[in-house]
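**Student:** Given next are the chains, with one letter for each unit.
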Amino acid sequence: MAMDSPAVEIIDLVKRYGRTTAIDGLSLRAARGAVTAVLGPNGAGKTSTVEICEGFRRPDGGTVSVLGLDPARPELRARVGVMLQSGGVPPAMRCGEWLRLVARFYAHPLDPAALLDRLGLAEHARTPYRRLSGGQQQRVSLAAAVIGRPELVFLDEPTAGLDPQARHACWELVAALRAAGVSVVLTTHHMDEAEKLSDHVVIIDHGRVVAEGTPASLTGAERQLRFRARPGLALDELLTALPAGSAAKESPAGHYIIEGQVGPELLATVTAWCAAEGVTADDLSIERRTLEDVFLELTGRELR
Amino acid sequence: MTVNTPAPGPDLTPAGAAAPLPAMVLAQAGAEIRATLRNGEQLLLTMIIPVLLLVGFSSAPLVDVGGGSRVDFTTPGVLALAVMSTAFTGQAIATGFERRYGVLKRLGATPLSRTGLLLAKTLAVVAVEAVQVAVIAGVALALGWRPGGSPLAALALIVLGTAAFSGLGLLMAGTLRAEATLAGANLVYLLLLGCGGVIFPLSAFPDAVEPVLELLPISALAGGLRAVLSGGSGLPLAGAAVLAAWAALTLGLASRTFRWE
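As they're listed, the protein sequences go chains A and B.
Residue numbers for the first sequence follow the numbering used here, so the first one is 1 and each next one is one higher.
Residue numbers for the second sequence follow the numbering used here, so the first one is 1 and each next one is one higher.
Hints are not guaranteed to be accurate.
Taking lysine to any residue and the SDA-like style, the derived pairs with C-alpha atoms no more than 25 Å apart in a straight line are [to be verified]:
#1 B:K105 to B:V209
#2 B:K105 to A:S65
#3 A:K196 to A:V209
#4 B:K105 to A:A103
#5 B:K105 to A:A125
#6 B:K105 to A:Q137
#7 B:K105 to A:K196
#8 B:K105 to A:L267
#9 B:K105 to A:S246
#10 B:K105 to B:A35
#11 B:K105 to A:S86
#12 B:K105 to A:R94
#13 B:K105 to B:E210
#14 B:K105 to A:E265
#15 B:K105 to A:R104
#16 B:K105 to A:T127
#17 B:K105 to A:E75
#18 B:K105 to A:R73
#19 A:K196 to B:T13
#20 B:K105 to A:G220
#21 B:K105 to B:A204
Derived contacts from chain B toward chain A, CB cut-off under 10 Å, selection only [what the hints assert, rightly or not]:
#22 L12
#23 P14
#24 A18
#25 A31
#26 R34
#27 G56
#28 S59
#29 A60
#30 E98
#31 R100
#32 Y101
#33 L118
#34 R256
#35 W260
For the record, the hints were derived by calculation from the structure and aren't laboratory data.
Backbone N, C-alpha and C fix where the C-beta goes; we use that ideal spot for every residue, glycine too.
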């Protein structure tokens, strides 16, 4: 088996729907045994990209290889687990029955009852799918994606609409998959999810990759000083007092962000300046940039 | 020396491999049969309506059957209706909604191939038909039905009819919206029930339309089964040819136009 090929390799992918170009020269690589998060706003091309990898759609340009093979190859169906963004389960079918059915398509499946138990669905095994809450339905789909013991799992927005507890169960399962050596590719528009779960983050917008790297490399080592105060402070004066290379901005009104060599000196300068201005800095904190900040800088848009 | 401790939760170590095709097909067919037998509307369509028609039209002089035994006239028509209700109406509606709910798409991501899925659907249709034939024949025999003719010829007609009606059902399910399939499949069912020689003999229609009605798949199946089971004839070639033509046309079109999403 060609273990040296990546889990997913996409080069210059193009996908059009009529006159709309949904994916516009996208390239990415998901390593084996790692969790890769594809991050982007609605309509960025996340689902189209994943569905091409799953073999549901054919690309209009570029090359895609999944476990070293063309995504259309039937032998991949047994080695790749899929969680669709929604639906996929007969509404009248009991969820335990659905998992037992899907299990029977594989030679070495997980025990459906144990899997339901792990995802906190044991008492719903006899409940028809349509009577489950949205979060429970998501977890049934997640269970069906892993029940065949795949090498690679695609999860399209696995935690959309989940309550915190269900989201945690999902995160734990993704961590367990990774620990067992399974490659995971997931899409999300939750930054915290990408930061917590993934080894590699690919940010896409308008069908292209705008940035990628580990969560730490994307957010950078740089820290920020943040505080709240009355709007309209004269930041120019503060800047002259700060070390060269520092930056200060008010965004949104009343929220101040100072970037640069954030250390004791800079902190002292800022608080002294506040005292001189007669303002109290509320919620003063030193933080790393978040993926949310990175995304905003790259695209000029909020993620959600 | 190391000691193995059981890992918490299921063993997620990759071991992805497909089950053998027959096992997959049987699993899917079993799920489809259970879904049909559990669904109230499907049972009404496949069991209750045919049995009620059989009992009603065999007992009461509601139509002129031309002098023969009422139950001998009605039973073959009701058997044809049963085949149509399962292979066409039930399958069209179920498949249409499976497509709409993304079930067909999701199954496409499992090792069950499209061929395997179609085999499973065929197997499920045939199994439900076997139950229908047993129930209808049992009721008819209790009502005094005296079937004649070749059982093999009757079976051949049912197989051809199943292929023709499945093709028609999958053609609708694979191209129309689920709601349109639901409405259309019920409408076609009623029209064919009324105009296809199931209960009312085709001779009751004006002479000008009778040859056209004879080209309907339901007329070919009901008339053919009647010729074999009540008339004692061998395989009626004209009826068999009509069914084979419908099967080739609809299955061919369905395989070209079917959309899985």
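**Student:** If a hint holds in the structure, say so; if it doesn't, say that too.
**Tutor:** Hints, verified against the model:
no.: 1; hint: B:K105 to B:V209; result: violated, 43 Å
no.: 2; hint: B:K105 to A:S65; result: holds, 21 Å
no.: 3; hint: A:K196 to A:V209; result: holds, 21 Å
no.: 4; hint: B:K105 to A:A103; result: holds, 17 Å
no.: 5; hint: B:K105 to A:A125; result: holds, 23 Å
no.: 6; hint: B:K105 to A:Q137; result: holds, 17 Å
no.: 7; hint: B:K105 to A:K196; result: violated, 31 Å
no.: 8; hint: B:K105 to A:L267; result: violated, 57 Å
no.: 9; hint: B:K105 to A:S246; result: violated, 53 Å
no.: 10; hint: B:K105 to B:A35; result: holds, 18 Å
no.: 11; hint: B:K105 to A:S86; result: holds, 11 Å
no.: 12; hint: B:K105 to A:R94; result: holds, 19 Å
no.: 13; hint: B:K105 to B:E210; result: violated, 43 Å
no.: 14; hint: B:K105 to A:E265; result: violated, 60 Å
no.: 15; hint: B:K105 to A:R104; result: holds, 18 Å
no.: 16; hint: B:K105 to A:T127; result: holds, 23 Å
no.: 17; hint: B:K105 to A:E75; result: holds, 17 Å
no.: 18; hint: B:K105 to A:R73; result: holds, 16 Å
no.: 19; hint: A:K196 to B:T13; result: holds, 22 Å
no.: 20; hint: B:K105 to A:G220; result: violated, 41 Å
no.: 21; hint: B:K105 to B:A204; result: violated, 46 Å
no.: 22; hint: L12; result: holds, 4 Å
no.: 23; hint: P14; result: holds, 4 Å
no.: 24; hint: A18; result: holds, 4 Å
no.: 25; hint: A31; result: holds, 5 Å
no.: 26; hint: R34; result: holds, 8 Å
no.: 27; hint: G56; result: violated, 31 Å
no.: 28; hint: S59; result: violated, 36 Å
no.: 29; hint: A60; result: violated, 37 Å
no.: 30; hint: E98; result: holds, 7 Å
no.: 31; hint: R100; result: holds, 9 Å
no.: 32; hint: Y101; result: holds, 5 Å
no.: 33; hint: L118; result: violated, 15 Å
no.: 34; hint: R256; result: violated, 18 Å
no.: 35; hint: W260; result: holds, 9 Å
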